[in-house]
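Novice: Respectively, the protein sequence lines represent chains A and B. Positions 1 to 530 (the UniProt record's numbering) are the ones given, in order, by the first sequence. Positions 1 to 708 (the UniProt record's numbering) are the ones given, in order, by the second sequence.
The hints are simulated quantities; they were obtained by calculation from the structure and are not laboratory data. The structure displayed is predicted, hence computed values, not measured ones. No residue lacks a Cβ here, since even glycine has one placed at the ideal position from N, Cα and C. Where hints are given, some of them may not hold.
[Said to hold, decoys possible] Some chain A residues well away from chain B (every beta-carbon gap over 10 Å; in silico):
| hint | residue |
| --- | --- |
| 1 | Val142 |
| 2 | Val161 |
| 3 | Glu234 |
| 4 | Phe320 |
| 5 | Lys457 |
| 6 | Ile463 |
| 7 | Val478 |
| 8 | Asn483 |
| 9 | Ala488 |
| 10 | Gly491 |
| 11 | Glu511 |
| 12 | Lys516 |
| 13 | Lys524 |
[What the hints assert, rightly or not] Straight-line alpha carbon distances no greater than 20 Å define the calculated SDA-like cross-link-like pairs of lysine to any residue that follow:
| hint | chain 1 | residue 1 | chain 2 | residue 2 |
| --- | --- | --- | --- | --- |
| 14 | A | Lys303 | B | Ser101 |
| 15 | B | Lys107 | A | Leu289 |
| 16 | A | Lys329 | A | Ala404 |
| 17 | B | Lys639 | A | Glu85 |
| 18 | A | Lys504 | B | Ala590 |
| 19 | A | Lys351 | B | Ser445 |
| 20 | A | Lys303 | B | Ile446 |
| 21 | A | Lys504 | B | Ala592 |
| 22 | A | Lys504 | A | Gly340 |
| 23 | A | Lys303 | B | Val99 |
| 24 | B | Lys107 | A | Ser448 |
| 25 | B | Lys203 | B | Glu182 |
| 26 | B | Lys345 | B | Pro307 |
| 27 | B | Lys410 | B | Gly514 |
| 28 | B | Lys639 | A | Arg75 |
| 29 | B | Lys632 | A | Glu85 |
| 30 | A | Lys303 | B | Cys114 |
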Amino acid sequence: MAALKVVRSGSRLLNGFQSLLNNPRKVTCGVAATVTKHPRWYCVSHLSVQERIERKRKAALSGGGQQRIEAQHRRGKLTARERVELLLDPDSFVEYDMFVEHRCSDFGMEADHNKDFTVFGGSLSGAHAQKICKIMDQAMMVGAPVIGLNDSGGARIQEGVESLAGYADIFLRNVMASGVIPQISLIMGPCAGGAVYSPALTDFTFMVKDTSYLFITGPDVVKSVTNEDVTQEELGGAKTHTAVSGVAHKAFENDIDALLNLREFFNFLPLSNKDSAPITECHDPSDRLVPGLDTVVPLETTKAYDMLDIIHGIADEREFFEIMPNYAKNIVVGFARMNGRTVGIVGNQPKVASGCLDINSSVKGARFVRFCDAFNIPIITFVDVPGFLPGTAQEYGGIIRHGAKLLFAFAEATVPKITVITRKAYGGAYDVMSSKHLRGDVNYAWPSAEVAVMGAKGAVQIIFRGKENQAEAEAEYVEKFANPFPAAVRGFVDDIIQPSMTRKRICRDLEVLASKKQANPWKKHANIPL
Amino acid sequence: WGTYWTLPATMSVAGSRLLHLNELLRQSSRTVVGVSSKIISRERYQSKLVVHKVSISCCSSVLQTFDKILIANRGEIACRVMKTCKKMGIKTVAVHSDVDSSAVHVKMADEAVCVGPAPTNKSYLNMDAILEAARQTGAQAVHPGYGFLSENKEFARRLAAHGVTFIGPDTHAIQAMGDKIESKLIAKKAKVNTIPGFDGVVKDAEEAVRIAGEIGYPVMIKASAGGGGKGMRIAWNDEETREGFRFSSQEAASSFGDDRLLIEKFIDNPRHIEIQVLADKHGNALWLNERECSIQRRNQKVVEEAPSTFLDPETRCAMGEQAVSLAKAVQYSSAGTVEFLVDSKKNFYFLEMNTRLQVEHPITECITGLDLVQQMIRVAKGYPLQHRQADIPINGWAIESRVYAEDPYKSFGLPSIGRLSQYQEPVNIPAVRVDSGIQEGSDISIYYDPMISKLVTYGSTRAEALQRMEEALDNYVIRGVTHNIPLLREIITHPRFVSGDISTKFLQEVYPEGFKGHQLSDSERWELLATAVALFVAAQLRSQRFLGNLSDELETCSHVCLPGNSLVCRFLQVDLDGKRVDVSSEWNLASALLPVTVNGTQRTVQCLSRSASGEIDLQYLGTSYKLRVLSKLAAALNKHMPEKVPEDTSSILRSPMPGSVVAVSVKAGDTVAEGQEICVIEAMKMQNSMTAAKTAKVRPYSSALSSL
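Using the sequences plus the hints, can you model the full thing?
Specialist: Structure (structure tokens):
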């Protein structure tokens, strides 16, 4: 297992100026390549069989042929093989089942795997599904993440029920693998019909702008059923799914951009649920003070600020891989590193809707928290939440049910949980946001923190209804509750810290919590309010 | 492809340990220095107090000044004044607007008083509130800094009425010199050379045109009450005179509450050289040599130096003596500056006198060794000058760069705003002084001057000072706002500047098409590419290094034998189209500054951003370059990627910064031509004309003009 990690992110060390580095030695550690350089089936001695093998292999390598490759390029897309080459370390990719017969001819229909990555892609036929399942089974067995590169037209109608069965086989494996190995889907072309459910079942779905689509049915069917006129892009383009539906987690400019980012993203993840969060070499001092954080929270409690300023400030090298940056922007989730160690970060975003919790942000946060918990990634939560968003739209939409998801996820999580209250922590939302009461390991408050049932104005209007001197009462309320002390004296926050010290404290706490062991009672599975 | 280690593994091990040790040493010594310097300053402070006590017994009147001084200003100058106050053992009071309540000058002061909301006319120009603050805190004197109320005779008068000393000249001198017309009459009388053909107060645009015609073009139009370059326009014909009149009078009204204007003959291709004077209340006056301030844009100074390369001792002396005679003519006391225009034949003409501490005073302090603020405080208390003219030296050379939060690519600098997400001053370089009033996390807002700091370097020779300036600019880390370091670095390394061949037209002449950033030579191009590639490789190599219990396996199973678990690849040979470039660095990828040695040349580059898709922003030679480094495979495939067409912005008119609309020049139904003014936006005390990018027709619109 350990050896495999070495291969996780090698690189071809070249550059885009048509110039290259001197090459005395390869730097990448081609472990997988050395182990499997000569696959078993390569050692057949019979000459005619040998020739057939070569011919088949050649045909498979060229996919659907030069013409189709060019057509794919003209669409601004790469072929499956090119994508795989870009995604993986050089020489680390080993293809399985190259000789399985394709019953439909399209390039990019291979299910590919090396010991570390599993990649499946292409349109779906029965044989194709079989290949994917084979790889996923193996990935589960060895504890290796699965990456799907999807560029698929959906089920092959010609293959009928066989194709449908293929889907179900894959879905089952997606579900079985969920929480065992990280599963990532990268949508790089059309992905319609049944095919969309495999990405939906995986942990992360990424898309390529302008060239990828995800929908149950295409615009033609939509037109015939509902008489709606809608373009592919509007119906299921990257923008729709990353900003409106929340189906996809992020979109990238093009194939190359997407694959290179995927490599970066992959380095944040552990290989399986038995693996701890990876730690990379870190050049950023863990005890670095961040003076900018002392002034980041404005003095007026009603004024907004950018939670990303805080996250960038404390993270190693200001690096933050944000998940769903364009959806439910009132909550920020994503991965960063603290002293080299991967952490999941959840933060209310005061810049958008005052950082309140609504249906979408609760669901977004909950899913992220559960991923982190499943894969041993510590969670750092930054709290500035005025409460849940009120109103009929939210109530009719089921904010109670959906808000409960976030509460459930935080409460259930047994990974190290560190919480920093930067400003407001009001009402039920205070409880939800990884509070001490939900087994938060270390809960901090900044001096600007206000932990209370509600804001001063609302509270006074209720407590002193119809009475005079409301302004005075409000001032008293602010004095008594709009500060971190009431929570601190009760031990609900462990310490009130200077913002500039936050990084130092969190890094130290993570060090201590690295050996945290906590288990929930035995159960078949919990019943999260879906 | 690949990397090349010139060090054998064993040596790398030793090297890396050494490096580690060095780092430790460096860190620990840094802490020690930090702590000890604090102690030293405290000791100094205490010893100063002791000295005070001792001296009181012998000559008590010499050092006793004020117990408490209020600084009626913000930003760097407030901090600058406080530093001297602290040195002199004087308590300080800061005043601030509500948005500034956690500003550096507020934290630095012993006491702070909020004097109003953000707009300057409600806070820093709010005399009532500032007077009240002085009364409330018991401040005995007020230092006005520059700008704001520094040249406001009314303020000085009211302070005097309250029994608070104004650290600056008398009301009489402020009034005499503050009025551009009166000041010239006085100057003439004091036998100071003045610019020929200037005239009086202007009532309207037509009168402006008539006066301009009498003087002969080109003419300069500016506010009578205004200092510096604000509100100053140059007109070459009647049309421009009308426009200049309109802008200048509006700006004059909004900045000074006084819309009187001045039109005078404009001297082509001049140098701007000013003389620092220092006078006491006993009729003594000194000239503290000159400052060369010719590098200007829109009549605002960018780079200043002292002394000037242009003046010979005779001219300097003549200018100094005229400056002193002017100061004496108005019974000037305190520090002041007499500005001259100097033509190519070393003829000099009086321009104006600034009756305050000048922004660029630090360079005079550097070469004379005087603390001007301290001198001002002494003089305000009534002490006679300590020095004689013969005591005033010119020691070495000092250069000041004004570091602004502005975009130098737009007319040499349009203000930008934002939060300083990262900020690091190059103070570890010897002989560098940074006067600033901001820190990491500070906001540069629309309300105030966008100056970040004054970067001053000193050297025994000009070349040395310039060399240090180059280094200091390269090591200055500013993130979160656009800044003018690219322009500053280009100016101080430009052959014309280095040879001293400058005038106030320098920027327009050197960059007639506008500033475009550093233009790379071939070898610089290779250096830059090689640095980016090496950085990319270093980052890629690091991303393979996972720590924890893996290190053993990491060593044995990889092709390269890694020394310990800290593989530091310090030497890279980059092959660029057959050209070999050696790059070495310690590659601390978390640091904002990357010292690299490229083909033997040491440079400090800054990595502004790095993305997973290979985009690298490097600040190299001051200018930032966007590069993309890809693996060979990715580069080969990149040609298939569709090019995304950027949005056509010619049909959109976007304000370059947040501000208020002060004038709309079009009506619904008008057809505007390309380049025609549509509206005027005021921000940061500057008016910006917004022009149409293409011909269009105006549709009905609604607008509310700001009554700022």
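Novice: Check the structure against each numbered hint from earlier and tell me which ones fail, lowest number first.
Specialist: none
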